[in-house]
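Chemist: Below, each chain spelled out in residue letters.
Number of protein chains: 2
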Amino acid sequence: MATSHLAGPVLVIGTGLLGTSVGLGLRAKGVSVYLQDISPTAQGVAQDIGAGVVLHGEKIAPELVVIGAPPDVTARLVGDALLAYPNATVVDIASVKGSILDAVLADERLGEAETSRYVGTHPMAGREKSGPAAARGELFTAMPWVICAHQNAQPDRVIAAESLAIDLGATMHRMSVTEHDESVALISHFPQAASSMIASRLLNAEGHQLALAGNGLRDTTRIAASDEKLWIQIFAHNSKALIPILTGMKEDLDRLINTLQHPEEPGALLDLSQLMTEGNAGRARIPGKHGAPPQAFALVTVVVDDKPGQIAALLAQIGEAGINIEDLRMEHSAGHQVGLVDVSVLPGRRDELINALIFNGWKVAQ
Amino acid sequence: MATSHLAGPVLVIGTGLLGTSVGLGLRAKGVSVYLQDISPTAQGVAQDIGAGVVLHGEKIAPELVVIGAPPDVTARLVGDALLAYPNATVVDIASVKGSILDAVLADERLGEAETSRYVGTHPMAGREKSGPAAARGELFTAMPWVICAHQNAQPDRVIAAESLAIDLGATMHRMSVTEHDESVALISHFPQAASSMIASRLLNAEGHQLALAGNGLRDTTRIAASDEKLWIQIFAHNSKALIPILTGMKEDLDRLINTLQHPEEPGALLDLSQLMTEGNAGRARIPGKHGAPPQAFALVTVVVDDKPGQIAALLAQIGEAGINIEDLRMEHSAGHQVGLVDVSVLPGRRDELINALIFNGWKVAQ
Numbered sequence: 001m002a003t004s005h006l007a008g009p010v011l012v013i014g015t016g017l018l019g020t021s022v023g024l025g026l027r028a029k030g031v032s033v034y035l036q037d038i039s040p041t042a043q044g045v046a047q048d049i050g051a052g053v054v055l056h057g058e059k060i061a062p063e064l065v066v067i068g069a070p071p072d073v074t075a076r077l078v079g080d081a082l083l084a085y086p087n088a089t090v091v092d093i094a095s096v097k098g099s100i101l102d103a104v105l106a107d108e109r110l111g112e113a114e115t116s117r118y119v120g121t122h123p124m125a126g127r128e129k130s131g132p133a134a135a136r137g138e139l140f141t142a143m144p145w146v147i148c149a150h151q152n153a154q155p156d157r158v159i160a161a162e163s164l165a166i167d168l169g170a171t172m173h174r175m176s177v178t179e180h181d182e183s184v185a186l187i188s189h190f191p192q193a194a195s196s197m198i199a200s201r202l203l204n205a206e207g208h209q210l211a212l213a214g215n216g217l218r219d220t221t222r223i224a225a226s227d228e229k230l231w232i233q234i235f236a237h238n239s240k241a242l243i244p245i246l247t248g249m250k251e252d253l254d255r256l257i258n259t260l261q262h263p264e265e266p267g268a269l270l271d272l273s274q275l276m277t278e279g280n281a282g283r284a285r286i287p288g289k290h291g292a293p294p295q296a297f298a299l300v301t302v303v304v305d306d307k308p309g310q311i312a313a314l315l316a317q318i319g320e321a322g323i324n325i326e327d328l329r330m331e332h333s334a335g336h337q338v339g340l341v342d343v344s345v346l347p348g349r350r351d352e353l354i355n356a357l358i359f360n361g362w363k364v365a366q
Numbered sequence: 001m002a003t004s005h006l007a008g009p010v011l012v013i014g015t016g017l018l019g020t021s022v023g024l025g026l027r028a029k030g031v032s033v034y035l036q037d038i039s040p041t042a043q044g045v046a047q048d049i050g051a052g053v054v055l056h057g058e059k060i061a062p063e064l065v066v067i068g069a070p071p072d073v074t075a076r077l078v079g080d081a082l083l084a085y086p087n088a089t090v091v092d093i094a095s096v097k098g099s100i101l102d103a104v105l106a107d108e109r110l111g112e113a114e115t116s117r118y119v120g121t122h123p124m125a126g127r128e129k130s131g132p133a134a135a136r137g138e139l140f141t142a143m144p145w146v147i148c149a150h151q152n153a154q155p156d157r158v159i160a161a162e163s164l165a166i167d168l169g170a171t172m173h174r175m176s177v178t179e180h181d182e183s184v185a186l187i188s189h190f191p192q193a194a195s196s197m198i199a200s201r202l203l204n205a206e207g208h209q210l211a212l213a214g215n216g217l218r219d220t221t222r223i224a225a226s227d228e229k230l231w232i233q234i235f236a237h238n239s240k241a242l243i244p245i246l247t248g249m250k251e252d253l254d255r256l257i258n259t260l261q262h263p264e265e266p267g268a269l270l271d272l273s274q275l276m277t278e279g280n281a282g283r284a285r286i287p288g289k290h291g292a293p294p295q296a297f298a299l300v301t302v303v304v305d306d307k308p309g310q311i312a313a314l315l316a317q318i319g320e321a322g323i324n325i326e327d328l329r330m331e332h333s334a335g336h337q338v339g340l341v342d343v344s345v346l347p348g349r350r351d352e353l354i355n356a357l358i359f360n361g362w363k364v365a366q
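Each protein sequence line maps, in turn, to chains C and W. The numbering of the first sequence is this note's numbering, which starts it at 1 and goes up by one. The numbering of the second sequence is this note's numbering, which starts it at 1 and goes up by one.
Here chain C stands alone, though its shape is the one from the complex (with noise of 0.2 Å):
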């Protein structure tokens, strides 16, 4: 076990599925953790799992505060935790920045003296569930973390914030709240919303047309299924950075409804192809794993039936083989019971694993 940066105590204020995560992450570093939650029940459950202990009235001197809460409330927390606790740094770690910091910096009871203890940050993590109960310690492992220290925070205030994220096994991102704002709004906001309105088409959907469903709907309404309460505070408190973007969608819908009114006019297909050769560029530019390019993997399908430990031995023989998998997915569809498996390997393995699967009596999609 890796010894913490952090000295601590630490104090969670806000044990919902983040707080209660970033206690466990943690204790898991053998550091002490106190919580905090308006709700008994939440600090409760985050107590019984091991995120730390809840605290009574009992006078502690924090070396760090964590305010895990609702973008809407943040910002006064922040400032009860800065005059409560005058030595120690606070840091929040709402989705949005640039809104919270403006309302701390407004807040009348703080100076400057306070308001330099204050550094927000963003862990990108996340599940559709939420709520203490959904909490892991291993939640931030290999996400990014963004740090936006503002003008006057202290540089140790800011060393103290940037050991909470590399302690839970982060990817740490220097960012200032306005380029963090517009760079999680194009992409993450703003997928979302896209998401949500996708999935929302189905409602009036009948039984036949959606026993069709493959893989291409599946993934982009995905997230779909996220928090609500959560979201609409995030689109409110981001909108600013959100209208820019959702308007060029809404331009690229209009024209491509005009288009497909007069598919045979002259340029219709030309308005057609631009559509999908633009989003071919930009789905190219999304980095892959842990970096690498997109596309940069050779994929491999295997045919397995769909039984307890098949996809085990696949990929036990992969392992025999030494060869890593860097992604693997398996197809979906309804009423079968045999699935394929899409195995990611790099390109330069990917003949020596077929030729190992085929010899091993396994079925490869030629």
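I should point out that these hints are in silico values taken from the structure, not numbers from a laboratory. Keep in mind that a hint or two might mislead.
Because identical chains cannot be distinguished in the list, a pair is counted as satisfied if it fits within a single copy or across any two copies.
[Claimed, not checked] Only pairs whose alpha carbons sit at most 16 Å apart, straight line, appear in this in silico EDC-like list of lysine to aspartate or glutamate:
id : residue 1 : residue 2
1  : Lys363    : Asp342
2  : Lys229    : Asp271
3  : Lys240    : Glu265
4  : Lys129    : Asp227
5  : Lys229    : Glu278
6  : Lys363    : Asp305
7  : Lys59     : Glu265
8  : Lys363    : Glu112
9  : Lys240    : Asp102
10 : Lys250    : Asp102
11 : Lys240    : Glu264
12 : Lys363    : Glu352
Because the structure is a prediction, the values reported are computed rather than measured.
Starting from the known structure of chain C, arrange chain W on it as the hints suggest.
Modeler: Chain W only, in chain C's frame:
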């Protein structure tokens, strides 16, 4: 090897991804297959990988002709085949059905004797890659295959078309051309257009923005990498069914933008809440694997080192425990050499699995 329902020979006209895959699948069943394509290279590749024998003007009397061509030439090739092979059943496998049936019935070269031998079908399988080299005999395994028999199609011709789908391991669905075109517009063509529009927003993104990309962005844009040439035809040929769906999304998008312009106004949060809850409800309607209800599976998350054999060892463990894996997903992120694997199992097996993994020293997310 199960024997085929088709006596054969079968002639595949158009040896792209789908046509060549049909050839490979039928050859694996021992059916004799002839190949034909306007591209000597394409038909040569198809023959080389074992999809059948290229036709060089020999006189043949195929039982079944499969037209695997782009939508815009399919109707003409169907007519040619009906005339060239007076005893053959002729099926096409294009992604749109209404516009092709209309063109076949309007073909002045054809009488009812000819058109009664035509059956439109649509195997709902594909890959991001195209061309005969990407073909595989198992492409249709466990995938839906829609049979659109028109009013005057002879029953035994419909049975021949259905035999093709069954021989290739697909799940058969019977629909009218209108039911088909409206269904695929909703569950396939619309998500494709939306995914391309999401991805095209990334064209001008900066590196530090894309570095934060997570599975949400990856999933919503995965199919944006699809083949441009094919999709512009699908959009153009199914515009009638696509327009109302895109218009519905446009209305949602307009409402969202207006709401975000005044997030403080009464009712704004209610509007945002509606967007999310409608998305939740729509997503929940998509049937899961093997037709199971969505989210019917319990999720167990395990931390693994990104080294050869790690996932294999993990799944071997699960196999030993006799627990079937319903779905498996690797969580991506840039810059780290450790990964999270989400394993979906039947809820009743969840605790059993967690205990087995922890007992054997695996790091299970709590």
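Chemist: None of the hints should be skipped; say for each whether it holds.
Modeler: Results of checking the hints against the structure:
1. Lys363 <-> Asp342: Within one copy only: 12 Å inside, 25 Å across.
2. Lys229 <-> Asp271: Answer is between: at 12 Å across copies they meet the 16 Å cutoff, but 38 Å inside does not.
3. Lys240 <-> Glu265: Classified as between: cross-chain Cα gap 15 Å, same-chain 38 Å, threshold 16 Å.
4. Lys129 <-> Asp227: within (7 Å within a copy, 34 Å between copies)
5. Lys229 <-> Glu278: between (33 Å within a copy, 13 Å between copies)
6. Lys363 <-> Asp305: Answer is within; shortest intra-copy Cα gap is 10 Å, inter-copy 28 Å.
7. Lys59 <-> Glu265: Classified as neither: same-chain Cα gap 75 Å, cross-chain 41 Å, threshold 16 Å.
8. Lys363 <-> Glu112: Neither, since 67 Å and 44 Å both go past 16 Å.
9. Lys240 <-> Asp102: within (14 Å within a copy, 49 Å between copies)
10. Lys250 <-> Asp102: Classified as neither; 30 Å inside a copy, 33 Å across copies.
11. Lys240 <-> Glu264: Between copies only: 12 Å across, 39 Å inside.
12. Lys363 <-> Glu352: This pair counts as within: shortest intra-copy Cα distance 15 Å, inter-copy 31 Å.
Checked against the numbered hints given earlier, the structure breaks hints 7, 8 and 10 and satisfies all the rest.
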